[in-house]
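Asks: Could you put together the complete structure from these sequences and hints?
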Amino acid sequence: MPETQVNSQRNVLEVGPQPTRLLPWFREFWAYREVLGILARKDFQTKYKRASFGIVWAVLLPMIQAAVFVVIFSRVGQFNHLSFNYSAYVLAGVLSWSYFGTSGLAASTAIVDGSSLTDKVWFPRSLLALVPALSNLFGLATSMVLLIVALPIVGAHVTWRLVFLPVAIVLLLLFTAGFGLVTSALHVYFRDVKFIVQAALLVWFYVTPIVYPAHALHTIGPYLDFNPMTGIINLFQFAAAGPFGPLMRPILVSIGVTVVMLVIGIEVTRRHDRLFVDKL
Amino acid sequence: MIASSWTSSDADAPALMTDTSKAIEIINVSKSYVKLNEQAMLLKSIMPFNRAEKEELKALQDISFSVEHGETLGILGRNGAGKSTLMRMLAGVSAPSEGLVRIVGRVAPLLSVGVGFHKEMSGRENVHVNGMLLGLTKKEINQRFDEIVAFSEVGEFIDTPVKFYSSGMYMRLGFAVAVHVEPQILLLDEVLAVGDVAFQLKCFDRMRELQHRGTTIVMVSHSMHAIRLMCPRVLLFRKGKLEFDGDAEEAISTHHQLLTLDAAEDHFGQARMPISVLSRRLQRDGVETAAASHDETLEAIWSIRFEEPISSPQAAFRILAEDGTLAYSIHTTIGDAWRDFDAGHETEVRVRFQPRFGGGGTFRLMLDITDITGVHVLGTDPEGPRVYVGPRPGTGGLGDALATIDIDDVHMTNHRSLAMDGRAADANGSGEARRPGS
Numbered sequence: 216m217p218e219t220q221v222n223s224q225r226n227v228l229e230v231g232p233q234p235t236r237l238l239p240w241f242r243e244f245w246a247y248r249e250v251l252g253i254l255a256r257k258d259f260q261t262k263y264k265r266a267s268f269g270i271v272w273a274v275l276l277p278m279i280q281a282a283v284f285v286v287i288f289s290r291v292g293q294f295n296h297l298s299f300n301y302s303a304y305v306l307a308g309v310l311s312w313s314y315f316g317t318s319g320l321a322a323s324t325a326i327v328d329g330s331s332l333t334d335k336v337w338f339p340r341s342l343l344a345l346v347p348a349l350s351n352l353f354g355l356a357t358s359m360v361l362l363i364v365a366l367p368i369v370g371a372h373v374t375w376r377l378v379f380l381p382v383a384i385v386l387l388l389l390f391t392a393g394f395g396l397v398t399s400a401l402h403v404y405f406r407d408v409k410f411i412v413q414a415a416l417l418v419w420f421y422v423t424p425i426v427y428p429a430h431a432l433h434t435i436g437p438y439l440d441f442n443p444m445t446g447i448i449n450l451f452q453f454a455a456a457g458p459f460g461p462l463m464r465p466i467l468v469s470i471g472v473t474v475v476m477l478v479i480g481i482e483v484t485r486r487h488d489r490l491f492v493d494k495l
Numbered sequence: 014m015i016a017s018s019w020t021s022s023d024a025d026a027p028a029l030m031t032d033t034s035k036a037i038e039i040i041n042v043s044k045s046y047v048k049l050n051e052q053a054m055l056l057k058s059i060m061p062f063n064r065a066e067k068e069e070l071k072a073l074q075d076i077s078f079s080v081e082h083g084e085t086l087g088i089l090g091r092n093g094a095g096k097s098t099l100m101r102m103l104a105g106v107s108a109p110s111e112g113l114v115r116i117v118g119r120v121a122p123l124l125s126v127g128v129g130f131h132k133e134m135s136g137r138e139n140v141h142v143n144g145m146l147l148g149l150t151k152k153e154i155n156q157r158f159d160e161i162v163a164f165s166e167v168g169e170f171i172d173t174p175v176k177f178y179s180s181g182m183y184m185r186l187g188f189a190v191a192v193h194v195e196p197q198i199l200l201l202d203e204v205l206a207v208g209d210v211a212f213q214l215k216c217f218d219r220m221r222e223l224q225h226r227g228t229t230i231v232m233v234s235h236s237m238h239a240i241r242l243m244c245p246r247v248l249l250f251r252k253g254k255l256e257f258d259g260d261a262e263e264a265i266s267t268h269h270q271l272l273t274l275d276a277a278e279d280h281f282g283q284a285r286m287p288i289s290v291l292s293r294r295l296q297r298d299g300v301e302t303a304a305a306s307h308d309e310t311l312e313a314i315w316s317i318r319f320e321e322p323i324s325s326p327q328a329a330f331r332i333l334a335e336d337g338t339l340a341y342s343i344h345t346t347i348g349d350a351w352r353d354f355d356a357g358h359e360t361e362v363r364v365r366f367q368p369r370f371g372g373g374g375t376f377r378l379m380l381d382i383t384d385i386t387g388v389h390v391l392g393t394d395p396e397g398p399r400v401y402v403g404p405r406p407g408t409g410g411l412g413d414a415l416a417t418i419d420i421d422d423v424h425m426t427n428h429r430s431l432a433m434d435g436r437a438a439d440a441n442g443s444g445e446a447r448r449p450g451s
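So the protein lines, in turn, are chains H and C.
With the first letter of the first sequence counted as 1, position 125 gets the number 340 in the working numbering; the numbers rise by one all the way through.
With the first letter of the second sequence counted as 1, position 61 gets the number 74 in the working numbering; the numbers rise by one all the way through.
I should point out that these hints are in silico values taken from the structure, not numbers from a laboratory.
Careful, some of the hints might be misleading.
[What the hints assert, rightly or not] When the alpha-carbon atoms are kept at most 20 Å apart in a straight line, the in silico SDA-like pairs for lysine to any residue are as follows:
id: 1; chain 1: C; residue 1: Lys-176; chain 2: H; residue 2: Ser-331
id: 2; chain 1: C; residue 1: Lys-254; chain 2: H; residue 2: Asp-493
id: 3; chain 1: C; residue 1: Lys-152; chain 2: H; residue 2: Tyr-247
id: 4; chain 1: H; residue 1: Lys-262; chain 2: C; residue 2: Asp-172
id: 5; chain 1: C; residue 1: Lys-132; chain 2: H; residue 2: Ser-330
id: 6; chain 1: C; residue 1: Lys-176; chain 2: H; residue 2: Tyr-263
id: 7; chain 1: C; residue 1: Lys-152; chain 2: H; residue 2: Ala-246
id: 8; chain 1: C; residue 1: Lys-151; chain 2: H; residue 2: Glu-249
id: 9; chain 1: H; residue 1: Lys-262; chain 2: C; residue 2: His-131
id: 10; chain 1: C; residue 1: Lys-152; chain 2: H; residue 2: Gly-252
id: 11; chain 1: C; residue 1: Lys-151; chain 2: H; residue 2: Ala-246
id: 12; chain 1: C; residue 1: Lys-152; chain 2: H; residue 2: Leu-251
id: 13; chain 1: C; residue 1: Lys-132; chain 2: H; residue 2: Ser-331
id: 14; chain 1: C; residue 1: Lys-176; chain 2: H; residue 2: Ser-330
id: 15; chain 1: C; residue 1: Lys-151; chain 2: H; residue 2: Tyr-247
id: 16; chain 1: C; residue 1: Lys-132; chain 2: H; residue 2: Phe-259
id: 17; chain 1: C; residue 1: Lys-132; chain 2: H; residue 2: Leu-495
id: 18; chain 1: C; residue 1: Lys-176; chain 2: H; residue 2: Asp-328
id: 19; chain 1: C; residue 1: Lys-151; chain 2: H; residue 2: Gly-252
id: 20; chain 1: C; residue 1: Lys-152; chain 2: H; residue 2: Glu-249
id: 21; chain 1: C; residue 1: Lys-132; chain 2: H; residue 2: Asp-328
id: 22; chain 1: H; residue 1: Lys-262; chain 2: C; residue 2: Lys-176
Predicted, not measured: the structure shown is a model, and the values here were computed from it.
Replies: Laid out in C-alpha cells, this is it:
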C-alpha cells in the first residue's frame, strides 16, 4: 500500500493508507515549529486575556493551594521536625505539580478541542498536544522565580542546589509532552479518556510525595519510587528544600517512563495523524 | 516558512519519480470509516472477541480522476455522496483507506463554514495563524494584511474575537485569507452560499482572477448557478461513487435526474402515504408536451387515489427552478371543509398555468396534497414533470416583469419576435438554451 510522503520543497504531497515514515515525519514536524510557537503563544494570551489579574492567576492558584497544605499538614502530619524545610518542600512540589496537572488535562483533550482548526488545514496533530505544555511554561517559570523569592521568607536557604531547577523543568516538560501525546491521541477514539485523566490526576496527586515526604508512609514509601512523577517532583523539592532522601531510583524511573511515553506518543500520532480527523 | 525550512536531501529522492504534470491525482481511492454501533467506549473496545460490533461505512469507493494545473473543477452530489470526504483528502488532512492522493502545489482549503479559526482569538490573530498554517511567512502575511482586511469587509471588527462574528463575517474573513495566500490549489466547499450578493460577486471576481492566473480550483457547491459560472468540468458523486465526469451542463442534468430518482427511491422506501400519486402528465391544448413558450397555457394533471378516507384535502402546487429555487407556488383554500372522499376513490388534480419566466429554463412541477390545515402532507409527487420554457428574447431572470425601456424618449425595448426557438429542446434539463449571466 502506498505510504504518505511529503516533499515540501517541490510542494508535492502524496497521501496513501500508510503513514509518513519516521524521519520525514520528524522533518515535517520541525518545519511546523513556528506554528507550534504561535499556537502556544495564542493559547497563553487567550487564557488570561479577559481576566483583569491575567497571568497572576496562573501563579496565585497553586500558591494558595500550597499555603493551605503547609498550614494544615504541618499540624496534622506533624512534619515540623524534619531535617529539611517542609514549607519549601510543599511549595516546590505543589507549584511543579500544578503545571503538570493543568497542562496534562488540557493536553488530553487538545486534539478534539482543536477540531475547528484541524479538520480543514493540515499540520501535524501532535502540535496541538504539545501546546498546553509550552503555553504553561511561562507560568511555571514565573512560579519558580516566586519560589526562589519565597525561600528566605519560609526560612529555607537559597543554595547551589537551585541549579537543578532548570533540569527538573526540562524533565517535567518532556514528561508532560509525552503524557499529552498519548492521552490526546487516545481521547480522539475514546472520549472517556478526559474523565479518566481527571480522576487519575486526583489520585495521582496524593500518591506522589508532594505534601508529605515519602518516608512518612513508612513501608509503602519506597513503592512511590515507581510513580514516574515522584522523581520529577522530588528533583524540584531537592533544589528548593535540600536533601530529604534517596533520589536516584525515582529519577531513573521518571526518565525511563518519559522516554517510553514519548516514543509511544510519537508513534501513535505519526500513525494516526491523518486518521484523527475521521473521528472528530 | 514551511517550504523554506526544508532542504533538498536524500529523503526527497523517492519523490523524484513523482509525476507532477497534474495538479491533483486521485488513484483508485477508497475511504471507509469503521463505525462502532454504539459510541466508542474504552472498556468495551479493549475487550477481546468484541470485534463483531464494528460496521464499515464506505464513504468513497475506488475513485480515480486527475485535475490539470489551472483547471477549475466542480463537484456535485447529494449530502453523503462523499464530497466532503474527498475534499478533506485534497486538503491533506485525511488519508485514504486504499489508493493514493497526490497533490502538487500549495493548497488553500476553505471547507464548510469555518476555515480553521480559533474562536477566542481576534480576527487579526486568526489571519496571522491561518496565513501561517496555509504556508505564508510572517512577512508575507504582513504585506497582505491590509488587503485581506479590506477584502473581508470586517473593518474595525478585525480586533474582536471571531466568536462574536456573524457567520457572514466569519466566512468573508476566511475566504479573504484563502484567496490572498495565492494558493496553487484552492478548495472551496459550499462557501459562496454565505454573504450578501455584493460579496458573492466580489468572490466570483476574485476567483476569476485566480483562474486567469492559473490557480487550480476545486469547488463543491449546491448552487448550479455558481457551478455553471465557474466550472467547465464537473464531477458527479453518488453514494461514494464517481457517477459522471465531464461537461458541466451534462453533469447538472444528470445530477437532477439522479435527484429525482433518489427522491422516488426514498419515497417508495417509506410507508405508504394516505394518498398515492398514480401518474402525472403535462399537456398543451390537450397534447402531451415537455416544452412551452412563456405565454402558452399548460395543464399539469395528476391522477391520485385515496388510500384512506380523507376529508377536505387541499393541494399545493410549486414550480421549482433548476437549482431548486422556488419560482412560483399557489395553494387551494386551506381551512375550507368541502367534501369527504372514501378510501379507494380515484380522481385527478388539474393545474392550469402559464410559465411566465422571462429567462426561461427547465422547471419542475411539484404537487403536494395535504389535509385541511395545509400542514400535513398526505400525498406528494416526488418526481414532478419537467418543462422546458424557452426564454423571451432580450429578457433574463426567473420572473417576467414586462418592462419597457425608453432612452431619450425613444422606445428601445427589444421587441423581437416572441417565437420560440428552443421548443424542440430536450425537456430533461440538458437542453437549456442560455446560461445565467451570459
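Asks: Is Lys-262/H close enough to Lys-176/C, meaning Cα to Cα at most 20 Å?
Replies: 15 Å, holds
Asks: Decide if the proposed pair is consistent with the structure: Lys-262/H and Asp-172/C, CA atoms, cutoff 20 Å inclusive.
Replies: 17 Å, holds
Asks: Compare the distance between the alpha carbons of Lys-132/C and Asp-328/H with 20 Å, and conclude whether the hinted pair is satisfied.
Replies: It holds: about 11 Å lies between the C-alpha atoms, which stays within 20 Å.
Asks: Given the hinted pair Lys-151/C and Gly-252/H, is their alpha-carbon gap at most 20 Å?
Replies: 13 Å, holds
Asks: Is the hinted pair Lys-176/C and Ser-330/H satisfied, with a Cα-Cα distance of at most 20 Å?
Replies: 15 Å, holds
Asks: Between Lys-132/C and Ser-331/H, does the CA-CA distance stay at or below 20 Å?
Replies: 9 Å, holds
Asks: What's the verdict on Lys-262/H and His-131/C, does the C-alpha distance respect the 20 Å limit or exceed it?
Replies: Distance of about 12 Å is within 20 Å: holds.
Asks: Are the Cα positions of Lys-176/C and Tyr-263/H separated by 20 Å at most?
Replies: Between Lys-176/C and Tyr-263/H the Cα gap is close to 17 Å, so the pair holds against 20 Å.
Asks: Would the hint linking Lys-132/C and Phe-259/H be met if the CA-CA limit is 20 Å?
Replies: Holds: Lys-132/C and Phe-259/H sit about 14 Å apart, inside 20 Å.
Asks: Take a quick look at whether Lys-176/C and Ser-331/H sit within 20 Å of each other, Cα to Cα.
Replies: 12 Å, holds
Asks: Holds or violated: are the alpha carbons of Lys-152/C and Ala-246/H at most 20 Å from each other?
Replies: At roughly 17 Å apart (the allowed maximum being 20 Å), Ala-246/H and Lys-152/C satisfy the hint.
Asks: Between the alpha carbons of Lys-152/C and Glu-249/H, is the straight-line distance 20 Å or under?
Replies: Holds - the C-alpha atoms of Glu-249/H and Lys-152/C are around 13 Å apart, at most 20 Å.
Checked against the numbered hints given earlier, this structure breaks none of them.
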